[in-house]
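First to last, the protein sequences are chains A, B and C. Everything in the first sequence is counted per numbering that gives the first Met the number 0, starting at 0 for the first residue and increasing by one. Everything in the second sequence is counted per numbering that gives the first Met the number 0, starting at 0 for the first residue and increasing by one. Everything in the third sequence is counted per numbering that gives the first Met the number 0, starting at 0 for the first residue and increasing by one.
Treat each hint with caution, since some may be false.
Below are the EDC-like pairs computed for lysine to aspartate or glutamate, each with C-alpha atoms no more than 20 Å apart in a straight line [claimed, not checked]:
#1 A:LYS30 <-> C:ASP81
#2 A:LYS258 <-> C:GLU58
#3 A:LYS53 <-> A:ASP371
#4 A:LYS258 <-> A:ASP340
#5 A:LYS258 <-> A:GLU345
#6 A:LYS30 <-> C:GLU58
#7 A:LYS386 <-> B:GLU177
#8 A:LYS386 <-> A:ASP178
#9 A:LYS53 <-> C:ASP238
#10 A:LYS258 <-> A:GLU237
#11 C:LYS159 <-> C:ASP240
#12 A:LYS386 <-> B:GLU253
#13 A:LYS386 <-> A:ASP367
#14 A:LYS53 <-> B:GLU253
#15 A:LYS30 <-> A:ASP311
#16 A:LYS258 <-> A:ASP371
#17 A:LYS30 <-> C:ASP189
#18 A:LYS386 <-> A:GLU214
Keep in mind that the hints were calculated from the coordinates and are not lab data.
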Amino acid sequence: MLLSCAAAGGARAAPARITVASYPDLDRALKLALPAFARRHPGVAVNVVTLSHKDHHTAMTTALAAGAALPDLIALDMDFLGKFVDSAGLEDLSCAPYLAGGQAARFPGYAWRAGVNRRGEIKALPVDTGPGALFYRHDLLARAGLLETDLTPSWRGFIEAGRTLRARTGAYLVAHAQDLKDIRIRAGLADGEGVFFDPQGRSQVQTARFRRAFELALQARDAGIDARVRAWSNEWSEGFRRGAIATQMMGCWLGGHLKRWIAPETAGLWRSAPLPEGAAAAWGGSFYAIPVHSQQKALAWDLLQLLALDRDQQVAAFRSLDAFPVLLSAQDDGFLSEPIDFLGGEAARLQWRDMARRIPAITIDRHDAVADEVVRNELDQVLLHRKGIDQALADARATVERRVRRRA
Amino acid sequence: MSPRMSLRFTWPQRLRIPRRWMPYLFISPFFVLFAAFGLFPLLFSIVLSLNSWDAAAGLGAMQWVGLDNYLYALTRDDGLRASLFNTLWLAVVGCVPQHLVALPLAYYLHTAFRRWRNGVVGLYFLPFITSTVAVSLVFSALFSKDFGAINAALLGLHELPLLGALFPSTPIDWDQAENTRWMIAIVVFWRYVGWNTVLYLSAIQTLPRDLFEAARVDGVSERQTFLHLVLPQLRPMIFFAVTLAIIGSLQLFEEPFILTSGTGGSGQAGKTVAMHLYSVAFTDGDFGTASAIAWLLFLLIAAATWLNNRLLGRQR
Amino acid sequence: MSTLLPLHADPDRPARLGARWRPMPSARVIGHAIVLAGALLMFAPFYLMMVFATHTNAEILSVPPPLWFGDALGDNLALLLDRLPFFWRNLGWSFYVAGAVTVLNLLLCSLAGHAFALLDFPGRDRLFGLVLATMLLPGFLGMVPTVLTMAWLGWLNEHKALIVPGACGALGIFMMRQYIGSTVPRELVDAARLDGCGEFGIFWRIVLPLTLPALGTLGLITFIGSWNNFMGPLVVIRDMDLYTVPLALRALQGSGQTPWGALCAGAAVAVLPLLLMFVVASRRLIDGLTAGAVK
Chain A
0 MLLSCAAAGG ARAAPARITV ASYPDLDRAL KLALPAFARR HPGVAVNVVT
50 LSHKDHHTAM TTALAAGAAL PDLIALDMDF LGKFVDSAGL EDLSCAPYLA
100 GGQAARFPGY AWRAGVNRRG EIKALPVDTG PGALFYRHDL LARAGLLETD
150 LTPSWRGFIE AGRTLRARTG AYLVAHAQDL KDIRIRAGLA DGEGVFFDPQ
200 GRSQVQTARF RRAFELALQA RDAGIDARVR AWSNEWSEGF RRGAIATQMM
250 GCWLGGHLKR WIAPETAGLW RSAPLPEGAA AAWGGSFYAI PVHSQQKALA
300 WDLLQLLALD RDQQVAAFRS LDAFPVLLSA QDDGFLSEPI DFLGGEAARL
350 QWRDMARRIP AITIDRHDAV ADEVVRNELD QVLLHRKGID QALADARATV
400 ERRVRRRA
Chain B
0 MSPRMSLRFT WPQRLRIPRR WMPYLFISPF FVLFAAFGLF PLLFSIVLSL
50 NSWDAAAGLG AMQWVGLDNY LYALTRDDGL RASLFNTLWL AVVGCVPQHL
100 VALPLAYYLH TAFRRWRNGV VGLYFLPFIT STVAVSLVFS ALFSKDFGAI
150 NAALLGLHEL PLLGALFPST PIDWDQAENT RWMIAIVVFW RYVGWNTVLY
200 LSAIQTLPRD LFEAARVDGV SERQTFLHLV LPQLRPMIFF AVTLAIIGSL
250 QLFEEPFILT SGTGGSGQAG KTVAMHLYSV AFTDGDFGTA SAIAWLLFLL
300 IAAATWLNNR LLGRQR
Chain C
0 MSTLLPLHAD PDRPARLGAR WRPMPSARVI GHAIVLAGAL LMFAPFYLMM
50 VFATHTNAEI LSVPPPLWFG DALGDNLALL LDRLPFFWRN LGWSFYVAGA
100 VTVLNLLLCS LAGHAFALLD FPGRDRLFGL VLATMLLPGF LGMVPTVLTM
150 AWLGWLNEHK ALIVPGACGA LGIFMMRQYI GSTVPRELVD AARLDGCGEF
200 GIFWRIVLPL TLPALGTLGL ITFIGSWNNF MGPLVVIRDM DLYTVPLALR
250 ALQGSGQTPW GALCAGAAVA VLPLLLMFVV ASRRLIDGLT AGAVK
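Required output: the full structure, derived from the provided sequences and hints.
So, in structure tokens, the structure goes:
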């Protein structure tokens, strides 16, 4: 029935048109794929609608809520995905005619799992990902007599190195103690577990994992190794420019940002390392979904396959836009072995690929954003006002449960 | 005595509408549009406030919960209480100075600035027409802790001999809880003081010139003229401006949202009720409670405007 | 406030109302200085926005931020138009929507204001209370029902969805009622009625001309409000070539690096029509038609 739409396309007088809603910079990867799409479907107009990252998700929530004003293909960011995967308004791609279930093996577990909801329905396919990396200033560390191997084996060693760095060069090791918490709570998770909620939806913030994360952040703050600057603020970018902040743990795409606008003059001074103590995490990731109300589902599915399942497209986006490919076969491209000048000639992409392969297939929850906000606020209380960690975690749990108010 | 002018403007006989109906005809556009576009959202949000709804799941996902959302908002929602405090704080600190400055400013501009009045008023009005996105960028640069002009100015003022003690000696971190509120209050003041000035100025413009002439002839000082002659005449306009200010400040959303990048700042000190509403709807995914909070806010604003009406409204 | 040197006063005559009689010409200078300093503070962020529009991202985010114009304006505009190929069209749409809303509001709100201020009819106060009450309703919960309504009407992705609902705003009615109530003399209206003039004629020939300053203010406010509104277009407009300006500028912000220079350039371009509106309107409202517009 849906395929017949595409077959009948040739007989229709008006040219077919599909609308894709996206946000910067993902829309650039989308536009990169349009020529290939045009070759497969000549005469089909693709209407790319871009809104700001936040506006886009607000508009899509509203559209799905009303069941109207929907595009044919929706971009969804990992941060917001949890809210959309349960939506009855998105097509289940495991059903006919998509039958996407067989594609699971082509993706890393964590990326695939995020687009699948608890009932096993595949609501979205991943198109890129951001495996984490520890970017560090090689020269600053050298000046303090430190090496990468002082940072990565253990968190204790990491903090000690930070103390040394501060003492000998005056530079801070990290931008904010919250960064350490963010990574530590994602450590040691198994496939199927969630960061803030278990698969049954119970809050996890009062577990030992969170306590260790809070302790780590507090140790870092007490050791004086964090600069207390918010990510993406002026002080943050200036900190990199001036060499006041020596490391940043973030998605691998940070390298591109550092090179292009944050600190271009520091080219060659940075290196990339795996996250400390074997932690494996990803920052962000983009997905696409097809709304049930779309009139052009066949065309939308074709475009989605081009974006998510086509190795050449993934590599092209990687080469020109720095969007790390999520497709496993694209991660074997020779491009990954090429040295990166900004990182002093290191072939860091291979390292990022290894990181992507180690990330556990954690489940995301609709309320992850709430929990993240609550935990962040509680850690602020601990760091700034010396609130007791146990008290903070207990309060966090109470607040999360209150705000989430699950109905049986 | 008015001259007998030919003011006859009569409809053709067939179309003559009884005078009795004219008032209703005049006000009908508003009510027709409201019935068409305002009533449904209103009823929808009332119904929604009695349901639990995860919006992205679609219309079918609504579940009836009765007054549970209201009870939750009133008794267990700490975020609402905190944001209410923030909103009231911002209403007083951000809003009251606007009027205290705008009134004398409008008067001064009317009486003392002749040639450059338009230009000066234009400069004061500029903040109001600048887009909030650009404003956010500029102000985040200005309020930057280590590199912002405002901290630089404050530290510089600290060097002054006597007054210097009033100013801080270390850079203020505007991201910190209490400071965030001051930052928002400053920006709100900046943005709306010109708007109020324009309102008051346009009201002063309609006052008869003889009022000022008589005062001048009598040797009344400017200040006395302002306080005892002009202000009372401005009462309707003050009532109007204050009503708008009450409604606007209790519904304040854009400035704090943009300045704190939607987070409300550390300790949620910059989160207003409207922001809390937005976060309950879009972060918590709970449209039902958000609607309940919206209606509670409505009651609050209604109470405040009623109070304002009693105090400043037209004496009948 | 400053004390002026009275122009016609007799120095020997005792002043009334306890006026202070102190010749202080320097007070005027101080007053001017304060006002101008304030004006400069108002202007400073706007000026910075203009300056940022002429710099690259790296320069804007550097420390200290640039205080004088750079040379990247052309690049920024090029980037703006590359990301927003329909930017000029967006400007046009903003004009169209804001203009239509303004004209409709001026007409319909003054009609309603006239009725509420000058006419006596049963239910008047209650109906006015209802009008006021609608101003208190929160905005963005109306987003979903608005989409539903527009979808049902078939107005999705069309600008009439933005114009028609806002064609007669409660704020305008409130404002016009205040103005008309306090500036139009009842004797004039009564005399016209006695003359047999129809109500609409009174409105058109007497009330409207007398309230031109208010219309100027209302027109300005309505235009700016409509120009800067982005919630409405966000949920209703679905094609980038139909966007209004705020939506378009916001579409530059993404999960990556926001092109601040281009954004400021776009914002600067977008604010120029508003400035123009202000200059046009201020000639009417600030120069004040005639003092003594009452008589």
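Going down the list of hints, with the structure as the test:
no., hint, result
1, A:LYS30 <-> C:ASP81, "holds, 13 Å"
2, A:LYS258 <-> C:GLU58, "holds, 15 Å"
3, A:LYS53 <-> A:ASP371, "holds, 17 Å"
4, A:LYS258 <-> A:ASP340, "holds, 10 Å"
5, A:LYS258 <-> A:GLU345, "holds, 14 Å"
6, A:LYS30 <-> C:GLU58, "violated, 29 Å"
7, A:LYS386 <-> B:GLU177, "holds, 18 Å"
8, A:LYS386 <-> A:ASP178, "holds, 19 Å"
9, A:LYS53 <-> C:ASP238, "holds, 18 Å"
10, A:LYS258 <-> A:GLU237, "holds, 14 Å"
11, C:LYS159 <-> C:ASP240, "holds, 15 Å"
12, A:LYS386 <-> B:GLU253, "violated, 32 Å"
13, A:LYS386 <-> A:ASP367, "violated, 23 Å"
14, A:LYS53 <-> B:GLU253, "holds, 14 Å"
15, A:LYS30 <-> A:ASP311, "holds, 14 Å"
16, A:LYS258 <-> A:ASP371, "violated, 29 Å"
17, A:LYS30 <-> C:ASP189, "violated, 68 Å"
18, A:LYS386 <-> A:GLU214, "holds, 12 Å"
Checked against the numbered hints above, the structure violates hints 6, 12, 13, 16, 17; every other hint is satisfied.
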